[in-house]
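One-letter residues, chain by chain:
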Amino acid sequence: MTKTADNVNPDIYDKGSEREITSSDYDENIEDLFDEREIFDLIRNINDPEHPLTLEELRVVEESNIKVDNIKNLVHVSFTPTIPHCSMATLIGLSIRVQLLRALPARFKVEVEITPGSHASEYAVNKQLADKERVAAALENNNLLQIINQCIA
Amino acid sequence: MLGHEHSDEIYVTKMPKLDLEQTLTGHKGIVWHVSWHPQGKMFASCGEDKTIKLWSKEGQEWAIKTVLVDGHKRTIRQIEWSPCGNYLASASFDATTAIWDKKSGQFECNATLEGHENEVKGVAWSPSGQLLATCGRDKSVWVWEVAGDDEYECEAVLNVHNQDVKKVAWHPSLDILASASYDNTVKIYKEDPADNDWSCFATLQSHESTVWSLAFDKTGERLATCSDDKTVKIWKEYKPNNQEGVIVADKESVWKCICTLSGFHTRCVYDISWCHNTGLLATACGDDIIRIFKESDDSDPNAPTFELVCTKLDAHSQDVNCVTWNPTGNQEILSCSDDGEIRIWSFSSD
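Just so you know, the protein sequences line up as chains G and L, in that order. Residue numbering for the first sequence follows the UniProt record's numbering, beginning at 1 and increasing consecutively. Residue numbering for the second sequence follows the UniProt record's numbering, beginning at 1 and increasing consecutively.
Think of the hints as simulated: they come from the structure by calculation, not from any bench. Quantities reported herein were computed from a predicted structural model and do not represent experimental measurements. Yeah, the Cβ is synthetic: ideal placement off N, Cα and C, and Gly gets one too. Be aware that one or more of the hints could be misleading.
Said to hold, decoys possible - Using 25 Å as the maximum straight-line C-alpha spacing, the simulated DMTMM-like pairs for lysine to aspartate or glutamate come out as follows:
(1) L:K28 <-> G:E140
(2) L:K57 <-> L:E21
(3) G:K127 <-> L:E208
Stated by the list, open to error - Facing chain G, from chain L, some residues (calculated, C-beta under 8 Å):
(4) T75
(5) F93
(6) T210
(7) Q318
From just these sequences and the hints, can you work out the full model?
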């Protein structure tokens, strides 16, 4: 069964370059804090649930929409659905959340929200993504977990 | 010496504080809930690992006494002891509520309550122990009656919330039930003695996001609620013909928000516990902090003020999911967290 994608012809963008390694990255005496680029690298290659493209290529995630506060242990990611009625918005947000929950140290509080004004159900999707109990329950659903794992892989 | 009789006296102002008694590990993953046995000498814990652990003190140390397994297929969200202390109810994401007792000598699951469509989020026993309420993701609240040995009958299915119901709590002495929801409201229910029908008679509207938990004070005339909107609210019941002149229609009590504690919590407030002995309020927050609030001495009953008397930073290394005062009133607090740990605290003030 093939479901038609919500957005059949999304705009596709070029991939950005790899992270530039600086000399301080090799210096053991310099504390490596998490930065926006590092978070971006963790989520840029997540696959879109409908297209054989990454979230970066669809400009769903951008480095400029990520904020990291190492002192408060906060990571905030805004993502931009390709169209305002995208039914996959919650699934995309969940995939970003799961990827960051797995990759980051447990001390981080991860917030994943829709870029303001980019989705018709922004408030409802944000509330659901912020409800850790519902996220925990969703991740116990094997079908859903399989789909998320495919997106992240 | 020229009469400095008191000069070497040192005046120490004691600050209220929360001292860690013990950190308990044993669960794998998130610990969602902890519940004191009514006598305060043991407690139960539950979580993501689908087990219930029963803890009691051996000498000075708390240790696991019993582990209950195979009762649930998914996360156990909440456990609650019956008022008599002989039964333990567990609410699970597997859509069932299990009732455990040790009539056979050891704890066994002797009844399973089914009916919710999906995750059961909360469970609570009425003060008499004759009624049990459950609530869940299917937006409903169920009232069950203890009909006999290991038998439970559904008395009512209340479908008045329009979203996920997070918690239920009974009035401390009457068969009055309150529920908190993702729809930002709290609802209050009772049974109509004329036709034995349960219905909602009050909707408490003021929170701006999910209401995660709620706790009555010892009189049952006040209710504290906590929310994803980072506030705690205190509600008061105004009965018909109240002295304050609050208008009460339909001969039913009206509940009004009489106090909002805002600006104290920096993230979602997941739980609140109102000590029936000291009147102190404790909160569990997503900023890893446990806070204790005390009502001011000169507090106006219709517009009370509460002071933050203790802030325990880094009470856990992740979100605090639950706090609960020891029911004996010895100022002990239990807490648990996403970090997989349970902690026991002793509160002291001057």
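Structure-based check of all given hints:
| no. | hint | verdict |
| --- | --- | --- |
| 1 | L:K28 <-> G:E140 | holds, 15 Å |
| 2 | L:K57 <-> L:E21 | holds, 12 Å |
| 3 | G:K127 <-> L:E208 | holds, 11 Å |
| 4 | T75 | holds, 6 Å |
| 5 | F93 | holds, 5 Å |
| 6 | T210 | holds, 7 Å |
| 7 | Q318 | holds, 6 Å |
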